[in-house]
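Note that the protein sequences, when read in sequence, are chains A and B.
Each residue of the first sequence is one higher than the one before, starting from 1 at the first, in our numbering.
Each residue of the second sequence is one higher than the one before, starting from 1 at the first, in our numbering.
Simulated from the structure, these hints should not be mistaken for lab results.
Remember, it's a predicted structure, so these values are computed and weren't measured experimentally.
By construction, the Cβ of each residue, glycine as well, lies at the ideal position given by its N, Cα and C atoms.
Please note that a few of the clues may not be correct.
[Unchecked claim] Covered by chain B, per the in silico footprint, the following chain A stretches (three or more residues, Cβ under 8 Å):
#1 528 to 538
#2 584 to 594
#3 731 to 737
#4 791 to 800
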Amino acid sequence: MERVLRSHLAFLSLLFIALLAPANLAAQRTISGTVVDRDTRDPVPFVQIGVVGTTMGTVAEGDGRFVLTGVPDGTVTLRLQGLGYRTLDIPVPASQDEIEIALTTDYLKADEIIVTGRATSLARRNAANSVATVNAAEIERVPAQSVEKQIQGKVAGADIQKNSGAPGGGIQVNLRGVSSINAASEPLYVVDGIIVSNAAVVNNQDVVLQSSGGSNPSVLQQDQVNRISDIPPEDIESIEILKGASASAIYGSKASNGVVIITTKRGRPGPPRVDITQRFGVFDLSNKLEYRTFSNNTVDEVVEVFGELAREPFLQGRFFDHEEQLAGQHDLSSETIVSVSGGDDNTTYYASGAIKNNEGVVINTGYELQSMRVNVEQQLGSRVTVGVNTSVIHSLAQRGLFNNDNFLVTPYFALPFIPRFFDLSQRADGSFPEPPFGGGTNPLQTFTLAENEEDVWRILGAVELGWDIWRQDDDALQLLASGGVDWFRQKNDLLFPPELFFEPADGQPGTSLVSDSDNLNLNSSINLVYTHSPGSYTSRTSGGFQYEERDLNIARIVAQNLIAGEPNVSSGTNIQVDERRELVKDFGFYGQEELLMLDERLTLTGAIRGEQSSANGDDEEIFWYPKASASLRFPEVSDVFDEIKVRIAYGESGNQPLFGQKFVTLNATQNIAGNPGLTVNPQVGDPNITPERTREIEFGVDMNLFDGNAVLDATFYQQNITDLLLERQIAPSSGFTSQFFNGGELRVRGFELAFGVTPVRTDDVLWVSRTLFSTDRAEITELPVPDFVLNAVFGAGLGDFQIAEGEDPTKWVGLVDGELEIVGDTNPDFKMSFSNDVSWGNWNFYTLFDWAPGADVLNLTKFLSDLGQTTNDFEANGADRLAATSPVYIEDAGFVKLRELRVSYEVPIDWVQTWWPWAQRARLSFSGRDLLTFTDYDGLDPEVSNFGNQPIARNVDTSPYPPSRSYWFSVDLGF
Amino acid sequence: MKQANRILALLAVVSITIAGACTNLTAPDFNNPGVDQLEGAPTRAAVAAAATGLLIGARDGISEFNGYVSHTGVVGREAYNLRGDDARFVTQLLTNTLDPGARALGGAMWTERYANIRSSNIVLNALDALSDVPPDGMTPAEKEATRGFAKTMQAHDLLLVINSRDTNGAPIDVDQSLDAPPAPIASKDQVFQRIVDLLEDARGDLQAGGDAFPFPLSPGFDGFDTPASFLQFNRALLARVEVYRMNFGAALTALGESFVSTAAPLDMGVYHTFTTGSGDQTNGLVDQNLFVHPAVETDAELQPGGQPDQRFLDKTNEVTVRRLQDLESDLQFQPLWSSPSTPVPIIRNEELILLRAEANIGLGNIGPAADDINFIRVNSGGLDARGDIDAGNALDELLDQKRYSLLFEGGHRWIDLRRYGRLGELPLDRAGDAIVEAWPLPIAETLPR
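Pulled out of the complex, with its shape left as it was, chain B reads as follows:
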């Protein structure tokens, strides 16, 4: 009896141990949907949300204090980033000693762009898998419209990548598995060619895209939010790329299909939208540490009334002087970036007019170029029209106008001077300062290679 009890007791202990293994422990991610939901079994709603998401991804890394507008503006001597907490913004950026390992500096302007390129590729792949029949799928026309949109956005992201990396090149064949070795680095020319190819592909898609996009665009695309009008934006981007490639004839052709117009407002165009809504993003260029480079004031031409260039007056304001590491400025961009919901231009009419002038200068058509330049001088700068523009000074004048028209809104000064080999014209403030010609590839990109 006793022995039997002992065995039973032991058995009880053993069985309680084994009795356990039968519980359902499923605990899903309550915070976000899985990627496989989009790539494996896409729905119209998910693809539409991912398409709109490309606008969210596109503005990521643009307006932050260490984002595209700020960094390219600082190296182009349009602005200072006077951060007492982190002097690297006045050392590395102004002495051409970018640390490719620091994500906020030498490693900046890369990750956000490629994240959005991945997003656009996910959209393109999901479109292939999506049914053709609404309400769960999209009609062939809707799919074409979405493809044209995604390719144009991808071209824009690649353009910003090559703008910062220039001759260092950048990978383009990145639509591959995570387990594959990193995509090879393509040359600057190859990247430009890819951008042009994407924009041309997108053109065909958009033309077959029917009357409307099957997803909402942001208010920054007001007026360019149907496949047909979005194509004008696509052409505007192409015009910029062709000017950058010095294909001035192609640039003029593209401009002809864009929204360039001296009859329209100069700020007509396409913008990154920022709002203060929950889940939305605000414009980070409203930053107390961003100051105007003093040369912007001293170089400003005077209006007939004696006051400086209207664009300088409209975009900057005087504040208490800030000093950091032998740099000093008492001007900020508060009127330009006035509120957390001020949009940031992607491309706008004023740039297109100046691109047209630039293409005409490149083709030797000084007359039409001078007309466009003077249009900007008078209407944007409040300056007198110049009657003495000729082949010898047209480019100088154009670059001056681009400097003030596109002041601190996307690194135009730096990119333009670099294209013409004129970075040496930028002012150096301190002994030891030097101009960044191109951002290095981030360490995170080069290490796994």
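One chain only, chain A, in its complex shape:
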């Protein structure tokens, strides 16, 4: 990689020597002035002020003052763009040299700057795509452990659901519907310009629970965390979401699931600003299954269910709430976040530190995080800017033992077979009662004695270089280069001491597991941007190339039959070691042209990207991803419509084959009594495999209404995904079970609506309300192989998915009286969210509701309690369910959730200053997350996925970590 970069840099330097042209001579007049907030009349710093039709511009100082020199004679138009303010064009007559300009707060985010290329950005009002953003203010309202939670309900077209209630992440993000069947379903995450890993590495609990030993061999049944959850939400300035190929084409073959661009906070020139946030909170179990109590049954009926050994405990007449005993913890959680930022004209900095300790509702579970970030930006002379962004993150997640299991160990596998009149609690001597029922496991013992820790260290570092190579009145040439490293090490330590009731089951009491996984992402890119703006139009031509490398190495040790129960893996008498390494190298290059014409009312964009990757069958083949878009604004249409924009965009992007889908291998990891042997690998790769290709067309209308008091964005899109990465089932008599290949076509159509309004905007009261709506439908329009069942769950008897021409792959199918029929849907009918933020004097009230009707969940947790005859409605319905000849455990799981709620109070600053004179800001707030859930679903939580992040096989409820709500009290102080 270095070699490549060096050669390109040398080539470029030669080129630029020729370009360093003499400075320009055409300076005419000077305009100076002040920028203020329209409502408060306070000065607004750091606003960008540009002269329309030129590349001339400056930035307002900390006191809102600015000076523009070299402004042409005659009337000019100044364009002011400030973060969080509406963009303003204001004409300045030839005679005026001093001006005060008032900006309006952009409550509805109509005028943000959004990223549209690898090195270029555009004002939202010119964009041809529907691009969603979530900014720091929206993130800070209610704390969340993982950044995806902070987007939930805030982006139209994003279906975000957590896979379980476990502390510390494990959340899937699905942008614009299903986009693949066997390849990755997650968007690409970019933090400060570098592509970061979102790998989900399993903890290996499967060795003990044998979840992959049953009807579904998937190893992804271990409640794994996708690693984007490491990024602390508090460090984020903004999150921008490119939802589909038409916006994300410039990210090539990793972008068909969308791109999430995260920018961390930066310092601003000015005196040091210190912010401290201290939170205290508590997590509270929000739902229980309430197993059958048998209080209406006779002792003989109870013996009929549980056997003779149930007689005596039943006659004692005591009942226990095992769920509450296990998951009723209310330990105090805390979070402390400190940041310092500031700088001068040449140097700005932002530094932060966070310490979090979140206690889970289940005993011995929780999530801790410590992080540090330093972002520094340095001007070198007038032409060069260097930025360095670094952060170090450490987290420790204890997620307990949940999800599928073949040993009746995880709580909702064990509890259905243990009657509620049997006492599981720890005895005075420290021992636990061994239930003579079911698998004989005691979840209270399991969770008290077993350890399952995921310890992650992560380092993110990025260097950005900006160089104004050449600037003349109408022309500017800029070089933007960046390099970045994202490294993490995930260490999983699991210990199952020999005393555990399930441990002797395999004849090898005691298991200790150590997994050490590390992943290194290397990124580098060089871009050139040439801007030419002669007045009548602005043309921005950019080009560049990127190199990326991802190297994941997982090494695991499993030790069983521990000598004297020693946790060290070397004390096992049965020690298994395995290693897996995945290395992918990508190279891409692109060219892009953006044209702003007709007084910036018409924006045209065209781009093409070429990409090679070692994940493809042929690592030299170049795949091309073009894009083109146009938007046209109609300002001041009428009294009602401030502005209407129509836009259309087309783009193509790809979804890379997963590592290994190109290889046809023999298995070289086994031996028999120490003699090495090669065996065939049942999955066959395709040496010619290519990325999936998504072609997306999107068109929409954006409206600004009622003098900036309302915005409405409506978008229709259609995606055609071809060359799907399919897994062909081969008749197993061939010796193989499946083969990857490209083929088929999937079509997704959808509609998104975002409506923002400020119903009340007075001096005292500001009410900002946003409503988001989205819906999408998918259909397999072409399939080169016979229809097939995906075999992604536990057999079509319970419910599975079918890939069939003309059908929606996200639909549940199941055997109804022996025939395969559609019996449900994992895709909600639509998603809708409502957020309301009301400020009244010093008080602020905020709520976010999330509504997703019509999706169905396969409730295997209920199947388990039916098997144990302990479902709370078992007497009425259980036998019918067990005898049913259709997939009765697929249940409607539509829901409305109160995602976020906050009440905050800005403490009057003079009051604070009487005893703490340095204070600048002080706020008290009470907030809560996932406080209310309204659903008909009988399981724990309609948001659930036994198989983790999946394009299709989501919504499977198999003994998940139970859901919780969180309450927080926060103090924010600034000085």
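Given chain A's structure and the hints, the job is docking chain B onto it.
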């Protein structure tokens, strides 16, 4: 000047775009070797490893809780698989409602066998391409030995396939390209004929195979790990197949060339090896959910001292009662499958003695048959010898002895009763229970046809 700069700037942007395409992106598979390495340009070491790999493949799907021993034992009412987490092991298996789409149930006992059959074909093909000159190649004798080994292992895998599928048949001409349509389903007789052909071919190969195999066998083949002694194992398999085909004369001939002996230990034979070493496999029959069918206890004959059949005592133990879906048992097989490294028999002397008795019964030689049966009764069961064995009761007695001698070690009870049309003698525990006669072909096998 300005215009020239503009053009240069544009040129710079264009050239940076094009400058990219020249990077070496090779990233190999660090985890496993490619198949083409073995089939295209085989080496002695790779072929030897693939040959040893046939022993790894052969034990795959044997000892798992949803493997061959467990499933065939459950349908033959030797065992229960009382899994609270998955009741299908007490519904589908015991009510004859196997779902051919469920890989752990109706689709079981298929994929692993054919994977190993593919492996043996890869070995056979690689041998043809391999040089005759060591150290990179193998001598003609070494190749013959390896061929004989691979064909015998393939015959064993096919035998297990047809044991589970019986009259449903199974494909045999499977050494073909992945792009070819699936191989046709052969009848049970055709499959048996293929097994016999393979074993007979292998016999010739092994006889020309010199003194030693050019690859290590597992400890489960101790005593049968040279071409000559391995041939005894080959003959033992042939004897079982010929008994299954009711070719009792051929069976006796094969037994004569096998290792059957009343002078040798009853457990002498060939085994699947399991160890706790890294990369090795452990015996999954050590499973807390596997219970003894209660009929095994109630049907056990008493020894002269009044205690039950010694084989019952030696193979089962009493545990806390487990109940599931109206089934109940307080016995497990912990003494039989005592540790993760307990080997699982492929074929052993005790079975061969009983096969000899069975062949003699089939040929009407009741005297020699009674001698073998009584040998087993006395030496394995601790029972008195029976003096009243005649043509009328010899088969009943033989099947009883096979039941206890080969208890829960490979579905013998189920296969034997099926061969004689006696599956109706198996006990039914609940209303609605029924006996599985043969496994269906898996959906994955029938769908592409």
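Against the structure, test the hints numbered earlier, and report the numbers of the ones violated in rising order.
-> No hint contradicted; all consistent.
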